[in-house]
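> If you want the building blocks of each chain, they are given just below.
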Amino acid sequence: MGKKMSLILDGFVKNNPTFVLVLGMCPTLATTTSAMNGLSMGLATLFVLVLSNMAISAIAPMVPDKVHIPVYIVVIATFVTVLQLLMQAFVPSVYATLGLFIPLIVVNCIVLGRAEAFANKNTVGASALDGIGVGLGFTVSLTVIGLVREILGSGSLFGWKIFPGDGVLAFVMAPGAFLVLGYLMALFNKYLKK
Amino acid sequence: MAAKSTLRNMVLCLTAVCLLCGAVLGLVYAATYDAIEAASLKALQASIGEVLPEGGEISEAMSCGDEGQTYEYYVSSREGETLAYAVKSTVSGFGGPLTLMVGVLPDGTVYNTSVLSHSETPGLGAKCATDAAFVEQWKNFPASKVLKVKKDGGDVDAITASTITSRAYTLAVANAVAVVKYLEGGSDGVDAASGASY
Amino acid sequence: MEYFLIIISAIFVNNILLAQFLGICPFLGVSNKLSTATGMSGAVCFVITLATVVTYLVNRYLLVPFGLEFLQTIAFILVIASLVQIVEIVLKKISPSLYQALGIFLPLITTNCAVLGVAITVVTKEFTFGGTAHMMNLGEATVYAFATSLGYGLAMVLFAGLREHLASNDVPKMFRGLPIALITVSIMAMAFLGFSGMV
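Residue numbers (the numbering used here), protein chains in the order written: chain D, 2 to 195; chain L, 25 to 222; chain C, 3 to 201.
Read the hints as simulated data drawn from the structure, not as lab findings.
Any given hint could turn out to be false.
Some residues of chain C that are not near chain L, with every Cβ distance over 10 angstroms (derived) [said to hold, decoys possible]:
1. Ile9
2. Asn16
3. Thr126
4. Glu128
Calculated lysine to aspartate or glutamate pairs in the EDC-like style (CA-CA distance at most 20 angstroms, straight line) [claimed, not checked]:
5. D/Lys162 with L/Glu84
6. L/Lys66 with L/Glu84
7. C/Lys127 with L/Glu96
8. L/Lys28 with D/Asp167
9. D/Lys67 with D/Glu117
10. D/Lys191 with C/Glu90
11. L/Lys205 with L/Asp58
12. C/Lys127 with C/Glu71
13. D/Lys67 with C/Glu4
14. L/Lys66 with L/Glu78
15. L/Lys169 with L/Asp179
16. L/Lys66 with L/Glu81
17. C/Lys35 with C/Asp172
18. D/Lys122 with D/Asp66
19. L/Lys172 with L/Asp155
20. C/Lys127 with C/Glu142
21. C/Lys127 with C/Glu4
22. L/Lys28 with D/Glu117
Glycine residues also receive a C-beta, built at the ideal position from the N, C-alpha and C atoms.
One chain only, chain D, in its complex shape (with noise of 0.2 angstroms):
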């Protein structure tokens, strides 16, 4: 039990994407506008995450290694695919504000990255296991940024007006997004790195 939970929680403070290993970037400063935006992105690519490194962790000992690649890459975009569809099916508003990022999760860095560093040399349940770790790592990241965003820049937390009126509306444009970053990057390293 205790190998199982430390896979998960590397993925929160050792293998942090959003803070250690800064994958993942472009859906991180795009769809922070809000913590709910931030957490449905989270979600979403944990979903694609867990299954692709399962997929992936099955399949790899019959995939030749020079075609690896391609085919890792058309089983995750089967997976976004499938979640599109899901998504447009049950849950269209937020589908629609996260827009362009959702087909964009098959080039999000940590979705390949842990094919290749991870799910093809560990057993299913490992993979998945470490799916489920780093897609947390990620919502959270992800989350925390949205609420940091929402609160300065809105006013608001998940929605509800903390504060009339509208905070300082840079924090939910685009200079806002890599100044929280950046300054939630360099407390991640004061405080939470080893």
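Given the coordinates of chain D, assemble chains L and C onto it according to the supplied hints.
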């Protein structure tokens, strides 16, 4: 650990993976098709319903237009009589395309408007969708009033510090009213403010 | 005139890196030296333009007529991966020195969000250049893709120049490396915000 990279293996593997993935996708697509259709229909009806008076039966999407600009519209009718039109109108806003659904009565009165999509600046132009005063003024906007912002000599209250967005919004509404005028037989072509700069 | 608007919009107003957030990973990873930044931008420019043209055609003549739009993601990424592979092979043959200089960056362009991002944007978003809202045709799409990659290159080169200065400055320990780089980019993004409303 991986299989050997012979040509036969590579081709086999790629083909197998593509076929399998294709099958999975086909299945999921077929399973979600109805739900997706239903969801988009619901969204469309919600946006149209918001700008039309109650009680009418809404038609299928229709379109009209001339060189370069076609307009999609819906007719709400009851017992054969036209109650109102809902016109989808897109113009160039400040940050990108601004698309509105405009409900217009046959006499040219604007019944209501709603924003379908926009790329305006949060806190400024984006208020066109949320600012109570701006939104309310479009309800039952009479045909007698001029569809221009007050700054340009019209009767529309612009959003503070968002003149361009306000002008674009007004233009979109004016275009929709022009479409209805054309449909009611009042003019030769859909002209009015189409393409005119603000 | 319309093409001019497309170009200005793609380079300044909606800069792919600073406004649309596409292509950030290589942006942060490759920009510590000016020479690698320029090389990368050139390669990306070529791939984005070529990929957009091919994916546009694939979408128009293969996907849409058969109602297969839901396969866009898979089809586009396969096109891009193949294109990059072909570019690698061709480059190796005709200019081995350039191939060596680009090194690992060339295959990495496959996973560059900017390439897939531009390809999808062009076939899904309506544009209002020249007054009317419409989907882009092939000519506009090509110009848009090319201009977008120029904007990418501009941001990359500007940033690389700044980063070379940052490296020789006294930065507090917790900010060293990426954090201060990100804060610098945020100021750049603020500057580029000044272009909004131009078109």
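> Against the earlier hints, flag every one the structure doesn't satisfy and list their numbers going up.
2, 4, 5, 8, 10, 11, 13
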